[in-house]
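Turn these sequences into a full structure, and let the hints guide you.
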Amino acid sequence: TQLLEQSPQFLSIQEGENLTVYCNSSSVFSSLQWYRQEPGEGPVLLVTVVTGGEVKKLKRLTFQFGDARKDSSLHITAAQPGDTGLYLCAGGGYQKVTFGIGTKLQVIP
Amino acid sequence: GAVVSQHPSWVICKSGTSVKIECRSLDFQATTMFWYRQFPKQSLMLMATSNEGSKATYEQGVEKDKFLINHASLTLSTLTVTSAHPEDSSFYICSARPVSGELFFGEGSRLTVL
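So the sequence lines, in the order shown, correspond to chains A and Y. For what it's worth, my numbering labels the leading residue of the first sequence as 1, then goes sequentially. For what it's worth, my numbering labels the leading residue of the second sequence as 1001, then goes sequentially.
None of these hints come from the bench; they were simulated from the model. It cannot be assumed that every hint is accurate.
[As the list claims (entries may be wrong)] Straight line, CA to CA, 25 Å or less: simulated BS3-like cross-link-like pairs of lysine-lysine: (1) Y:1041 / A:96; (2) Y:1020 / Y:1064; (3) Y:1066 / A:96.
[To be verified] Here are some, though not all, of the chain A residues that point toward chain Y, as calculated from beta-carbon distances under 7 Å: (4) 13; (5) 22; (6) 41; (7) 42; (8) 43; (9) 48; (10) 101; (11) 102.
Remember, predicted model here, so these are calculated numbers, not experimental data. Don't be surprised by glycine CBs; every beta carbon is placed ideally from N, CA and C.
Now the structure itself:
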């Protein structure tokens, strides 16, 4: 079974600060996805990383896939209250996707 | 991105009754859909993989007679919680993949069993 570990699990920061969330595994993934979920709603796909070493940017969010495709990171620059939510990494094959436990981020105005 | 819709968004029922939750892919066909359960402040737990035209594949520990899954068409899967009890109260989420391979999620359905 492929497992994904996310850290930190909880993060509370002030508006304007930077932060990084990590997603690690002992297994190699063909791709990893990052999702953001708000309370009472389903997860929304942010990005998919496929190539080892790949870096993708989505406004103030920077996603990186490790060279060995076993880990990924999400960096948020100048966090805003609207970034508050549960961030999930996920990976796996077509038939089954494994989710990390999630990082609950709170950005305080 | 692709759209996956769930209905109802929330439901309250009495203990012992059955509840059906629908998951529809609105703008693509999905031969496979997935059902998850999410407890407060926790990640998604895969319950089963719903396969169009065949039986669902359940994860270990998930009772298939308790959580009935029917994948009636390429755009619709249903999850029926039978003889619901308060411990079945949870947030249930479905997901589906278009050809692109990325996973899109429904809005989720919050079930409360009194």
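### Query
Any of the earlier hints contradicted here, and which numbers?
4, 5
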